[in-house]
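With the sequences and hints as input, model every part of the structure.
Chains as they are written, first to last, in my numbering: chain X, 26 to 202; chain Y, 5 to 267.
Just so you know, not all the hints are guaranteed correct.
[As the list claims (entries may be wrong)] Just so you have them, the derived chain X footprint on chain Y, three or more residues with Cβ under 8 Å:
1) 12–19
2) 112–126
3) 162–174
[To be verified] Pair ranges (Cβ atoms, derived):
4) X/87 <-> Y/179: 46 to 54 Å
5) X/65 <-> Y/130: 40 to 48 Å
6) X/89 <-> Y/197: 21 to 29 Å
7) X/181 <-> Y/20: 13 to 21 Å
8) X/100 <-> Y/160: 51 to 59 Å
9) X/84 <-> Y/27: 38 to 46 Å
10) X/166 <-> Y/20: 21 to 29 Å
11) X/82 <-> Y/179: 47 to 55 Å
Source of the hints: derived by calculation from the structure; they are not laboratory data.
Where is the CB? At the ideal position from N, CA and C, for every residue including glycine.
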Amino acid sequence: MTSPTSSEPPVGSVPTWEQVARDHGRFLYTVAYRLTGNHDDTQDLVQEVLLRVQRGLVTYRPGNLSGWLSRITTNVFLDQVRATKRRPTEALPDDADRVIEGGLAADEALAAARLPEHLQQALLALPVDYRAVVVLSDVVGLSYAEIGEALGVPVGTVRSRLHRGRLQLRTALGDDR
Amino acid sequence: MSDDRLSAFLDGELDDAEQRALEARLSHDGALAAELEAVRHSRQLVRGLGPVEPPADFVFAPSGGATDGLAEVVPLDRHRRRRGLLAVAAVTIFFLVLGFASGTRVADVVPPVDDLVDQHAAAAEAMPDAVVDGSFELMPEVEDIDDMGPAMPEMPMVAVYQADGIIQFLYDTDHGPVSVFRQEGTLDAGSLPSTEPMPTEAGMARYLVDAEREIIIIERDGVVFTVVGDLTNHDMVMTAADAVPATDRSVIEQIRRWFGQLT
Numbered sequence: 026m027t028s029p030t031s032s033e034p035p036v037g038s039v040p041t042w043e044q045v046a047r048d049h050g051r052f053l054y055t056v057a058y059r060l061t062g063n064h065d066d067t068q069d070l071v072q073e074v075l076l077r078v079q080r081g082l083v084t085y086r087p088g089n090l091s092g093w094l095s096r097i098t099t100n101v102f103l104d105q106v107r108a109t110k111r112r113p114t115e116a117l118p119d120d121a122d123r124v125i126e127g128g129l130a131a132d133e134a135l136a137a138a139r140l141p142e143h144l145q146q147a148l149l150a151l152p153v154d155y156r157a158v159v160v161l162s163d164v165v166g167l168s169y170a171e172i173g174e175a176l177g178v179p180v181g182t183v184r185s186r187l188h189r190g191r192l193q194l195r196t197a198l199g200d201d202r
Numbered sequence: 005m006s007d008d009r010l011s012a013f014l015d016g017e018l019d020d021a022e023q024r025a026l027e028a029r030l031s032h033d034g035a036l037a038a039e040l041e042a043v044r045h046s047r048q049l050v051r052g053l054g055p056v057e058p059p060a061d062f063v064f065a066p067s068g069g070a071t072d073g074l075a076e077v078v079p080l081d082r083h084r085r086r087r088g089l090l091a092v093a094a095v096t097i098f099f100l101v102l103g104f105a106s107g108t109r110v111a112d113v114v115p116p117v118d119d120l121v122d123q124h125a126a127a128a129e130a131m132p133d134a135v136v137d138g139s140f141e142l143m144p145e146v147e148d149i150d151d152m153g154p155a156m157p158e159m160p161m162v163a164v165y166q167a168d169g170i171i172q173f174l175y176d177t178d179h180g181p182v183s184v185f186r187q188e189g190t191l192d193a194g195s196l197p198s199t200e201p202m203p204t205e206a207g208m209a210r211y212l213v214d215a216e217r218e219i220i221i222i223e224r225d226g227v228v229f230t231v232v233g234d235l236t237n238h239d240m241v242m243t244a245a246d247a248v249p250a251t252d253r254s255v256i257e258q259i260r261r262w263f264g265q266l267t
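And the structure:
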């Protein structure tokens, strides 16, 4: 699972958004990428999350910062999906027009080499509600109770969505194991 | 019919009563055990996904926000090597040697997982007949090598190695090699790194995975087996895990005599 390498802020302290960006930026990026499946949408999502973090820090109560960030990320993602009435899996493929900076293509290739692309595609093929639960559980590492709180659903719903999501992943992966 | 208790079981989200009930059912319900296996595999694959690197020119800043004062983002640690196991390995081998030397059964065994994974990789690279490093030695070639370890018709055994009380059976498959390590003793599961329960034909096993390989640890009748294989060769790893208790003690004694160390 993915987690920030930097330690959580000391108990009782509230980080600045710059600290969040510096210490948790890559964690946010990974969670966002697992949800969206492409760098363009990931970058938009991360920037939107940081904006909400900037605004929300005044009400943040020190605790599980990673859980708080992943909850914001997932909910922003779900809001965007529902608002646009489209599935992120249908996002445009990475092509030459989208690779506007010299380093991006190399980064794309690097990312693809690091993780099995078919697995990321299988994740993207999941219904967004299932995908959100799978990412929060198996990428972020939240408990069922934490996921339920983050998404506003009962623990039993978390359990069933997670199980169905995993089974669908297995089906999507087929013989490729 | 799908049972979402299986995911909760893997995630440690069942209460004691639910867990006992599920384990009892798993022991005689092959379809359910297969579903558990499928879910466990998916879960491990997702958990094994690494961090995603942003493009080099991406700036972590709020939408439309200022970027002044941003520090360099600290890279994520991608290496979660369990270095503590090296010490466990050394202690385990020491006590194994001590146990064999004194003719007594070693009480508790913690497979030196990292060392075994490294040995598996080295043996696989050198397959079929090279001595791979200074700790494990290759058994002299004999004609009936296939009779020595767990019998798996679809997986020919290609070599047997030994190091201080641990015997390694190396198999070849179409999708890569699989190793079965065998050591005597009872499994000290509490000293293992984080593992998950997994049903096999031999009973409940412990499962863990690193970036590339699956490791399945089973104790059966005072013998601990550690099966190591590539993540992409899951079916053969499971086949080996199901078959390991078939190893006959007399065969092991024969192997020891061949090695000329323990008689």
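Status of each hint after checking the structure:
Only residues whose beta carbon comes within less than 8 Å of a beta carbon in chain X count, and the segment 12–19 of chain Y has 3; three or more means the coverage holds. Requiring three or more residues with a Cβ within less than 8 Å of a Cβ of chain X, the coverage given for the segment 112–126 of chain Y is violated, as only 0 such residues are present. Counting residues of the segment 162–174 of chain Y whose CB lies closer than 8 Å to any CB of chain X gives 0, so the stated coverage by that chain is violated, three being the minimum. With their beta carbons about 49 Å apart, residue 87 of chain X and residue 179 of chain Y fall inside the hinted range of 46 to 54 Å.
Distance hint check: the CB atoms of residue 65 of chain X and residue 130 of chain Y are about 46 Å apart, consistent with the given range 40 to 48 Å. Distance hint for residue 89 of chain X and residue 197 of chain Y: a CB-CB separation of about 24 Å, consistent with the stated range 21 to 29 Å. Taken as a hint, the range 13 to 21 Å holds for the pair residue 181 of chain X and residue 20 of chain Y, whose Cβ atoms sit roughly 18 Å apart. As the Cβ distance of residue 100 of chain X to residue 160 of chain Y is approximately 53 Å, the hint placing it in 51 to 59 Å holds.
Evaluation of the 38 to 46 Å hint for residue 84 of chain X and residue 27 of chain Y yields a pass: the beta carbon distance comes to about 44 Å. Remark: the range hint 21 to 29 Å for residue 166 of chain X to residue 20 of chain Y is upheld by a beta-carbon distance near 23 Å. Separation of residue 82 of chain X from residue 179 of chain Y is about 50 Å and conforms to the stated range, judged on CB atoms against 47 to 55 Å.
Hint violations for this structure: numbers 2 and 3, all remaining hints satisfied.
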